[in-house]
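*Asks:* Residue numbers (the working numbering), protein chains in the order written: chain E, 113 to 447; chain P, 305 to 629.
Don't read these hints as lab results, they were simulated from the structure.
What you are looking at is a predicted structure, and each value in this text was computed from that prediction instead of being measured.
Ideal placement from N, C-alpha and C gives every residue a C-beta, glycine not left out.
Among these hints, one or two may not hold up.
[Unchecked claim] What follows is a set of in silico ranges between Cβ atoms, one per label pair, in the way DEER data are often shown:
{"no.": "1", "chain 1": "P", "residue 1": "L547", "chain 2": "E", "residue 2": "P209", "range": "53 to 59 Å"}
{"no.": "2", "chain 1": "P", "residue 1": "L393", "chain 2": "E", "residue 2": "A419", "range": "25 to 31 Å"}
{"no.": "3", "chain 1": "P", "residue 1": "G444", "chain 2": "E", "residue 2": "I161", "range": "27 to 33 Å"}
Each chain, written out:
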Amino acid sequence: MSSAATPAAVDTVMGAVALSERPRSLWRDAMARLHTRKLNYVYASVLAIYALVAIIAFTPLLGKSVFDAQVGAQYAPPAFTGTVEQGTANEHSTIRPSLWLGTDIAGRSVLYKLLYGTRVALTVSLLASILSVVIGTVLGLLAGYYRGWVDALITWLYTTINSIPWILLMVALAYALKDREFKMFGQEFKLVGIPSIVMALGLTSWVGLCRLMRGEVLKHRERDYVAAAKAVGAGTSRIIFRHILPNTFHLVIIDFTLGIVSFVQAEVILSFLGLGVKDQPSWGVMIDDAKLELMRNVWWQFAGATAAIFGLSICLNFLGDALRDALDPRLRGVD
Amino acid sequence: MLAYVIRRILMTVPIVLGILLITFVLFSYVAPDPAFTVAGRGKKPAQLRAIRKEMGLDKPVWLDSRAKAEQDGREYKGHFNSQFFDVVLWRFPESIKYHQPVGELIARKAPVSLAVQLPIFLIELGLQLILALICAFNRGRWPDLVVTFGAVLGMCVPYLSIIILGQSVLGFGAGIFPVAGWDTGLKSVHFMALPILVGVAAGLGGGVRFYRTVMLDEVYTDYVRTARAKGVSRNNMMLTHVLRNVFIPVVTQTVTVLPYLLLGSLLLERMFQIPGLGGLMVEALFNNDRPILLAMTYGISIAYCVMLMLTDIAYTLVDPRVRLS
């Protein structure tokens, strides 16, 4: 494990011995591995496009006035199918991008809703993933490092949460947090839409990472580099966060990536249960709205939202797997 | 052996307490006041009080005492006449929508969920094991690549999308199956076919990858190498040696799926109008039916916890190595 020692420190210790090349750290190694498979660049660029769309959706370019505006007749089919109803207002305007993917029940553009939905999906899943990763990492580190009653308490907490089927706990929490007002420190908080979903997802999904981290930290705290850090007088928090955390950080990254996938999918379930976002389009709400449209042969809203989720999930899944292979040395050569 | 069993049972006690605490705190402190959600806005305080009394929410939260009861003008019925012990002792008020005891409602709906979910589970498990075996047999060659790639693709389609698509294409479009509904007794088989098909299709992907990894782990163990060196054929080795050992992780995985069997799939039952526990829960969410939500979260979690305990104990009977570690 070389990441605990900085190159400068190595130089002074080694004295006259010059290092011909920079040390091969786990991260440089992993990047090199990711680089060898060119498909990873494809996944990364698709993800970059999703991110870009989400950022654009934060600007007025895709604001409420855009996705909420009526742009055509009810259920106008996508422009590329070439079936434009005669005599309607949009007969001559098939080239308008708003009609590329047709319209929904209120004549709103499916394309714009889809693009705006990227913002909701990425906001929800990124925030939920950050929340769950932070909880899981901190609790895992503390349990593994301190052991004793801290460990017993944290282990009890995650075993308990793990003993409640995830979907039940998540749904119950989402239900409890929906449209709630809280008074805390003299201030009022109102949880509407995205914050309550993020909390419901994030607070229930940290167990897997916490357990992994705890196991890993239990091994690391006995390693020589931790003993060395203690010997030079490093404080406990410094040892945990500057020495042990970087050496176990690959677990965090992998969990973060794959967490996003499950949160995007969970948003669909929450929307179906009436616990999703309100007053703004999201992929989950679109699929939920489309559940009866398909029988009327209105397939574009359903297909668009499903494809958007599919594209994001598949890229994250493949990239997550590649990351796992690149970062976890134990898996190398196994599969 | 007996010591282990006792220790494992004792280990479950704090976990059950934790489940109780989490669900109770969630529903009494975090969730909205059920009296409001039942009565709607603009109700008079007297009506709200009556609803609270009916739901047992006029009682103290944790413990009752004679002084408290006199102060509130209630009849004193012992220390444990509180909201918390109503949950502990399974004294749930009637369902707001059905006006039936929650326990009865759950007992009536559970077999329906099981009738749909058990076939899904068995068919799915069989297919997953077969596909995983095909992968492990042909590791790195095209059947492996096709199956693993297909599994990932399947995992990336939202569950709800698969249900909607199956329902409208196979049920509504082709007219092979009824779109939704349920019937009594054996007649319900007619309605079960499509949900089972869709459920299997939706859940297939994840397990295939998991079991493939499990089988590949097993392929690289010493005893397999020994068997191969002794001249055991590839097929024989896979089907008898490997498959048998793979069943330990398979059983673990299976147990984690069991509560979902009982709960049914929330989405599946709602979309196909199957009167099971999943449908009941979704309905309760829309109706703010707090007794049902609380009882189901609590009851199913405890059942799950007990199942985990039983599996662990069953393990020690099958595999003595577990006891040692």
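*Asks:* Does each hint fit the structure? Answer for all of them.
*Replies:* Against the structure, the hints:
Look at L547(P) against P209(E): about 55 Å separates their beta carbons, and that is inside 53 to 59 Å. Between L393(P) and A419(E) the beta carbons are some 51 Å apart, a value that contradicts the proposed interval 25 to 31 Å. A hinted range of 27 to 33 Å for the beta carbons of G444(P) and I161(E) is consistent with their spacing of about 32 Å.
In summary, the one numbered hint that this structure violates is 2.
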